[in-house]
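Novice: If you read the sequences in order, they're chains A and B. The first sequence begins at 1 in the working numbering and counts up by one. The second sequence begins at 250 in the working numbering and counts up by one.
Just so you know, these hints were derived from the structure itself, not from any lab. Heads up, the beta-carbon is just placed ideally off N, CA and C, and yes, glycines get one too. All clues given are correct.
Away from chain A, derived, C-beta distances all over 12 Å, residues of chain B:
#, residue
1, I270
2, L348
3, G350
4, M441
5, S558
EDC-like cross-link-like pairs, simulated, lysine to aspartate or glutamate; straight-line CA separation at most 20 Å:
#, chain 1, residue 1, chain 2, residue 2
6, A, K55, B, D478
7, A, K57, B, E479
8, A, K99, B, D478
9, A, K77, B, D478
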Amino acid sequence: MNNKDLLNLIDITVSFEGFLALNKLNLNLKKGELRAVIGPNGAGKTTFLDVITGKVKPTKGEVIFKGKSLVGRKEHKIARLGVGRKFQSPRIFENLTVKENLEISVTTPKSPLNLINKSIKDEQLNEIERLMKIVNLTKNIDSKAGSLSHGQKQWLEIAMLVGQKPDLMLVDEPVAGLTDEETDLTADLLKSLSGENTLVVIDHDMEFIRRLDSNVSVLNQGTLLCEGSMETIQKDQKVIDVYLGRPED
Amino acid sequence: MSLSKVRFDKKIVLSFWIILIALIIAAPTLLPVFRLNLLGRYLSLSIVALGVDLIWGYTGLLSLGQGIFFALGGYCAAMYLQITSSSEFPNSIPEFFALYGVEKLPFFWEPFRSPVFTFLAIWIIPAFIAGLIGFLVFRNRIKGVYFSILTQASLLVFFNFFNGQQKLINGTNGLKTDVTQLFGQMVGSESMQRIFFWVTAILVIAAWFFAKWVVKGRFGNILIGIRDDEPRVRFTGYNPVIFKTIIFSIAGGLAGISGALYTVQSGIVSPQFMTVPFSIEMVIWVAVGGRGTLLGAILGAVFINYAKSLVSEALPASWMFIQGGLFILVVTALPEGVLGWIQGDGPRNLLQRFGLKRKIETYPSLEINKEKK
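Assemble the whole structure, with the sequences as input and the hints as a guide.
Specialist: The following block contains the structure:
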């Protein structure tokens, strides 16, 4: 652990009635880093995000974000500290329009009084314009989010994540169900966000991860199997075993 | 659930308001006193329905205990009326106390000597209790059917408590208001009832505008967000507990106002306001009128209750079947309620089915864009 780290997971263990979803997981993330996390099904990838965002309380271990412990904090408090999350299947508010969805994400402070009393600030409206341009939804501004295509929903959710201005963005399977072209655009978008933002991207899609050109952490059975560049991990025997299956002994 | 808003022409809106206001002013001369009084009562019920629409239609909280807050508002109003009209009774306290040998006014009656206090208590006490119950429930993340069961259980607790307290609030007999005096006039008199009708009509419109103001803009969008995906709202940095507590409290306040207006027009408040079927009926009015439409809640409350009294006069004992049938019809055929159906694609689909209207050939979104140009 050092001062440049934005996030440290220390010996995180999550036990669901005896089943260890995460087992002494250690992971450190530097400010401005883009990190890909891969692993077979059931490796604990989503639980790992649940622990950081406060949805699941770790049985043991510590989560340090910007020098503060996140364990035991409520989800909305963690979000306000600067942790944003994009869910596996697009979770947007389908009965609201694209603009209303983005308003919810860019609004600060997020108190009832502010929402009911004041109209949205100009700079926030500009931010919405900017975000809609980035994800190419400008012409859908007043459409119900539920009427968007799957890819547009994924992008709307990414735009909502960016609009929240989090210090740490947790992106869970952003390209699931996207076309190749959309996948490439998403990879470029996420890459362009790194540097200024810190990102954790979870995915199965190897082509997509390769395009991200980042450090990769491989999870297996709740622990960190190996960490390094795409080339390194592809040569790693343990990773090959996990992904290709171990020969019967 | 689609919440598409139909934009009406300005002229139509203006003429709607002119007709509405004319009807409200003319109603006392057009309707016999009996019918006017019924209409006034049903209009006051539409205020509690607005509250149900806010918490259920918009925020997804199905409360089966709105009768608590409705009755509390009614009791506040009735206590004031009883105490200000009690000077000629023994010990100068309301008449019923003598039946139980109570000689001293219970302490909590004292503040109700003040009209200002009563005026505030009618909505603040129910709003506060709703906020308190709501906060405890929402903080513990009790949702969905468990929330409904809990509100119904609270309703039963309140019902049993009020029912058993003869020495405090006349228990099961309730508090009568029609023979009490207000501004030197009998509350049950024709001229007072006319005034109550107008007050109710104005308050329904005020409550409607208030509810519209609450749900418009980002606050209302958060409520819809909570209804559709509460964890997502949380991960975006909002605390749903506060939003839910506020809206539940608002609904409680509206229920209190509604109960007070209903009490002065029906002439009595009693624990019967806190029975289980009555609170469920409130939900049915909103379901039939249209969840998440506000206007649907008002229309649902007024029309169903008016239908109830007309049907009950013609065919006694058949109303329960009709109401049940109506609810089943709405749940199965019109899940968005009558107004929701009209505002959505309902009429168009119906016409299409009879071959009276051309089917949409492209995606709906494309058609919408065409209309805009």
